[in-house]
Structure formats: C-alpha cells, structure tokens
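Colleague: Generate coordinates for the entire structure from the input sequences, incorporating the hints supplied.
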Amino acid sequence: MIADVVTWLTDSSHWTDTKFDTGIWTQLLAHLKFVGIALAIALLIALPLGLFIGHTRRWGWLVAGANALRALPTVGVLVLLTVIISPHFQGRTDTGFLIPTEIVLVLLAVPPILSNTYAGVQNVEPGIRDAAFGMGMTGPQVLLRVEFPISLPLIFSGVRSATLQLIATATVASYLPLGGLGRFIYDGLAQQDYPQMIGGGVLVAALALLTDLVLATIQRYVVSRGITRRFSSKQAVPDSRIAAVHETDGAHA
Amino acid sequence: MIRFDAVTKRYPDGTVAVDSLELTAASGQITVLVGPSGCGKTTSLRMINRMIEPTSGTIWLDDTDTASMATHELRRQIGYVIQHAGLFPHRTIVDNIATVPFLLGTDKKEARKTALELLERVGLPPHFAKRYPAQLSGGQQQRVGVARALAADPPVMLMDEPFSAVDPVVREQLQDEFLRLQQELGKTIVFVTHDIDEAIKLGDQVAVLRVGGHLAQLASPVELLSRPIDAFVAGFVGRDRGYRALGFTTAGTLSTRGEPTVTLGAAIPKGTDTDTWLLVVDAQQAPQGWLDLGADFTGHETVSDELLYRGGTLATQGGTLRAALDACLSSPSGRGVVVDDGGALIGSVTAREVLELIEARETERQP
Numbered sequence: 000m001i002a003d004v005v006t007w008l009t010d011s012s013h014w015t016d017t018k019f020d021t022g023i024w025t026q027l028l029a030h031l032k033f034v035g036i037a038l039a040i041a042l043l044i045a046l047p048l049g050l051f052i053g054h055t056r057r058w059g060w061l062v063a064g065a066n067a068l069r070a071l072p073t074v075g076v077l078v079l080l081t082v083i084i085s086p087h088f089q090g091r092t093d094t095g096f097l098i099p100t101e102i103v104l105v106l107l108a109v110p111p112i113l114s115n116t117y118a119g120v121q122n123v124e125p126g127i128r129d130a131a132f133g134m135g136m137t138g139p140q141v142l143l144r145v146e147f148p149i150s151l152p153l154i155f156s157g158v159r160s161a162t163l164q165l166i167a168t169a170t171v172a173s174y175l176p177l178g179g180l181g182r183f184i185y186d187g188l189a190q191q192d193y194p195q196m197i198g199g200g201v202l203v204a205a206l207a208l209l210t211d212l213v214l215a216t217i218q219r220y221v222v223s224r225g226i227t228r229r230f231s232s233k234q235a236v237p238d239s240r241i242a243a244v245h246e247t248d249g250a251h252a
Numbered sequence: 000m001i002r003f004d005a006v007t008k009r010y011p012d013g014t015v016a017v018d019s020l021e022l023t024a025a026s027g028q029i030t031v032l033v034g035p036s037g038c039g040k041t042t043s044l045r046m047i048n049r050m051i052e053p054t055s056g057t058i059w060l061d062d063t064d065t066a067s068m069a070t071h072e073l074r075r076q077i078g079y080v081i082q083h084a085g086l087f088p089h090r091t092i093v094d095n096i097a098t099v100p101f102l103l104g105t106d107k108k109e110a111r112k113t114a115l116e117l118l119e120r121v122g123l124p125p126h127f128a129k130r131y132p133a134q135l136s137g138g139q140q141q142r143v144g145v146a147r148a149l150a151a152d153p154p155v156m157l158m159d160e161p162f163s164a165v166d167p168v169v170r171e172q173l174q175d176e177f178l179r180l181q182q183e184l185g186k187t188i189v190f191v192t193h194d195i196d197e198a199i200k201l202g203d204q205v206a207v208l209r210v211g212g213h214l215a216q217l218a219s220p221v222e223l224l225s226r227p228i229d230a231f232v233a234g235f236v237g238r239d240r241g242y243r244a245l246g247f248t249t250a251g252t253l254s255t256r257g258e259p260t261v262t263l264g265a266a267i268p269k270g271t272d273t274d275t276w277l278l279v280v281d282a283q284q285a286p287q288g289w290l291d292l293g294a295d296f297t298g299h300e301t302v303s304d305e306l307l308y309r310g311g312t313l314a315t316q317g318g319t320l321r322a323a324l325d326a327c328l329s330s331p332s333g334r335g336v337v338v339d340d341g342g343a344l345i346g347s348v349t350a351r352e353v354l355e356l357i358e359a360r361e362t363e364r365q366p
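As given, the protein sequences belong to chains A and B, one line each in that order. For what it's worth, numbering that gives the first Met the number 0 labels the leading residue of the first sequence as 0, then goes sequentially. For what it's worth, numbering that gives the first Met the number 0 labels the leading residue of the second sequence as 0, then goes sequentially.
Since the hints were derived computationally from the structure, they do not count as laboratory data. Fair warning: this is a prediction, and the values are worked out from it, not measured in the lab. Glycine included, C-beta positions come from ideal geometry on N, C-alpha and C.
Okay, the calculated beta carbon distance ranges per label pair: (1) THR57/B with TRP58/A: 30 to 38 Å; (2) THR57/B with GLY35/A: 52 to 60 Å; (3) TYR220/A with LEU307/B: 56 to 64 Å; (4) TRP58/A with PRO35/B: 32 to 40 Å; (5) THR105/B with ALA204/A: 50 to 58 Å; (6) LYS129/B with ALA39/A: 33 to 41 Å; (7) THR57/B with ASN122/A: 33 to 41 Å; (8) PRO125/B with ALA39/A: 38 to 46 Å; (9) ALA39/A with ALA5/B: 55 to 63 Å.
Negatives, chain A to chain B, calculated, CB over 10 Å: (10) SER12; (11) ALA39; (12) ALA118; (13) LEU188; (14) GLN190; (15) ALA204; (16) ASP211.
Modeller: Next comes the structure, spelled out in structure tokens:
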C-alpha cells in the first residue's frame, strides 16, 4: 500500500497537467490560493480587532463570540452558503463556489488569530504599559511600539495555528467543484483509488509542515531577541553571581 | 517647583485616596512621600504626571497648571522611574534609555549618543548598550530605568519606590549613587517610599502621609526625628530617633589619641596587664580588627585572620556623630577607631569623649 502511494507520488505524469487530468502542481497552487486569500482576510479582520480589544480592554465578549464560531460544522456551513450564494453567479465562473469556501475558511482562521492577539496584548506586564504611558507615549504609540512587538510571539503562534488549520480544511473546496489538493482525496475516494487519496493527504500534510517552517523562520527574524531570549553564548543571561560582579563593577565605574 | 493645591482624589466607590493635599516640592530638592500602605503616596505621585487624574484641586508645575497640558506632552517633560524599572523587553538598553528623545523626534544617532553617556553616568559599562533588559540583573535594570528617566534632561523626576525591589546591599549602593547623581544634576525630585529609613536618608524634606490621604507632617529629616508632630508620626518614624538624629550632625574633627597596633602577619606580642585588646592593621594601616591578648594562642605564631574580633565599626574623620559613637560602642576595647577618607588609621576616641562633644553641641544650640 505504502509502495503504491510512493509510486503515485513519484509518477511525474501526476505532477503536470494532461489533457484529462489536472496535475499536482496546479492543484497545489490552487490550494495555496484558497489558503492565502482566507489568511489575508482573516489577518485584516482579526489583527486590528485583537490589538484594539487587548489595548482598550473593551469588547472582550467579541473574542469569546469568535471562539464560539469554531464549533460550527465546516461542511454544513459550506453547503448552506453555497446553496444561498452560488445561484447568483451563472456561467463559466467558479466565483459562486469560491466565495462560500473563503467565508468558511475565514470563519475558521479568525478565532485563533483574534484570541492570541488579544491575549498577547492584554498580557503585557502592567509595569511596562505604565512606563510607556509615563514616558509620554500616546495610546497608539504604546500599542504599536510596545504592546504589539511584545505580543508578537503569541500573535505568530495564532497565525501559525490558523494557517495549519486552513491548509488542512481547504480540502473542502474540492467538496464543491473547485480544485486544490482536496481534489485527489475526494476523487481518490470516489474512484476507490486509494493510493491517490492517501497521496493527496500526504501532500496536504507536507504542505502544512513546510508552511509552518517558513512561518517559524519569519518569526525568528521578526521577533526581538530581547523577547525570545536567544542570546549568543558570549552575552548569555548572567546568573546571579556574575550579576553581582557586574553590580560591583558598575558601582566603581 | 511642584505645588499641590487642595488636591483630592476620590474614587467612584467613595474611597478617598488623597484628601485636599497641600504640598510644595521645592526646585532642585528631593521631596520624599512616605507613609503606610493606603496613605495615597503613590496616588499623589501619579497625579503629578496625570497617570491618575485628580478629582479636584490643582497641581502646578512651576507656573503651569498641569491640567492645562496634553498628558503626553506633560509626561515627556517629567522623568518617571517605577518599581520594577518597567524596561521595554524588545528594545536594547541604549534604545530603552533613548525612549523619550525618540518620542521628541531627536535625531536617532544623537539620541543614542546621549543615551551612551547616561549609561556610563548611572554606572554601567558601555558594552551593556547592545544588551536586552532580560540580560541584566534587577539592580542594573533599575539603573537603566533611572537613565531612561534622565534622557531628555527633564527638570522634574518622579520616582515610585524605585529601589524597593532589589536586595539590601544593592539598594544601598543605588541610594548612594542616586544621591551623588542628584548632587551633580540638581533635579526637582518627588520620591515615594514606604521605608522611613530610605526617606530619611534621601530626602531634603520628608512628607509623612497617614491612611486616608492626609499630610501628617512635612519636615526635614532631622526635624522629623527630633520633633515628630504627633503620636502617629512618632510611631511611624520609629525607635532610636535620638540616636538616628545624630546621623545628621557631623562630628567635626575628632581629637584622637594614638592607638598601638600590630600588623597582620607579625608575631603575636606578649600581653600587658593593663590592656588586653590590641588593634590589628594591614600593611596599608587600615584597621582589620582587634586581638584579645588574654586569649589562648596555642598553635598560632603570628597574628592571623581567624584570631581577629571584627565586631567594631569604623568612624571616618569628618563623619557623623552617630558613626563616631557607634564605633566606640561596638569596639570591644571601648575605644572607637577613627580612620581617614582612604581608610587608614588615625587614632581612637572613647564614648565619653563623643558624648561630651554631643553635649557641647546641645549647649551651643540652646544657650
């Protein structure tokens, strides 16, 4: 069985488009498009909202409300929205299917980004907020120059978990007549071509891992070392004894 | 100058944190607000830079009503140091210090240069500039906190229990350096603490507040110790007030007598009948401790460290009467050891001589 999956994946004719079949590369791009659009919209909604709620400590119920959205059955909502929306789009366009898909995906991606952004900002040490205001920063300056950079690790973890979920769930696009890596899974199931079905699943998993790796790398460069505490060994965090020595050094400097 | 004019802070639930406070913090001086918890000292401080808005009354910054300014403008003119320093963890030390200059739009290069100078001024090595707060100890972070408050050279500084989160040894160091810094800079400082000893050590004037936000007494430290206005202040200022007040009177030049000594590492001398305690000094003439000549020296040829009695404190010539008296009282021989600024032995005085000096001072003061 595993050998069949490997054979299916390594067959170069499966990767490129043919007259009858769409290849893996094309479906991969389609998959990434669904994910990319949903992630962009989710970020546009959840990031500013999370920052605002965390900073002002108002409208906290919105976060709880968004989290409740996670309980919605994805396929059920997808079918419902498709029935409502797709009749408005006629002809040779797949917009009528794309819109319901993206709505479902956005609903899925907003909660983790929103709640992590909110938690990140809200958990900034009160002393640091106090100092920032006390130095004479305005509200937006405190948010953008202090609270946002400090909450980046939590924000990133929200974005990463949202992305993983998007990549896994974007397969439902193929439940509708749309492309994406889900195509192989649904078609494999329908044709009882299990190597194709499992191969599709492996591709989705591989894409998820690879994307997470990319995001982790970005996070490494975007988040300040002062927060991640990745200090070069030469200037590692001093233990208390070294600190005491520095203290005395300082006193006589 | 900062002036509280009938300032009251009442919270919506009816609690009065500060009750029509009248207080003037003189320019170039350290005014310490001290009192038990719940006395409104921190609230009073935070009303100056409007981190808390007063319910009624006016706080004047020189001739400006602070309520008439935009809060962020006001705060940029006032240095602010808080208990755990509150440094920004994502910024390097140099950028932390330069926070306010950055806000004021100072050229980044210029601001960082000033920040580096300040880093040295608060006693930290320049290579700390590129580090992050997490790499510094609590005491070092607090130094950076002070430097950050000084960065835009504000005439006024507010300090909210800045030294209370560090251990006692570091605290004393920070206090001493803070006083040295203030001597150079002459800022108008309002300082909050719950520690009356810190208040007395640092304050040019001390405001004792009682629970409910009333000013109990505003006085110089020595007056507070010698003339507490009521039982509350007396109780809060604590015991040994008379003795502690001596810490504010310089002894002048003490007339000492020479003290026979033996150098560390020399042979143990034979004891005389009259005096069993002999002062031990090192090669630089710095007193190390006392040697009990009546003791049993079996197994020892020379004067070594473990034979010394080290309980005695040292008085510095030109220091306070308190230090002189303490040196006498703590010395096993009854003779207080007096040293010069470099720590080298000058001679000794007795408690009787110091007391005579104290009595002479009293007569001078009340002829």
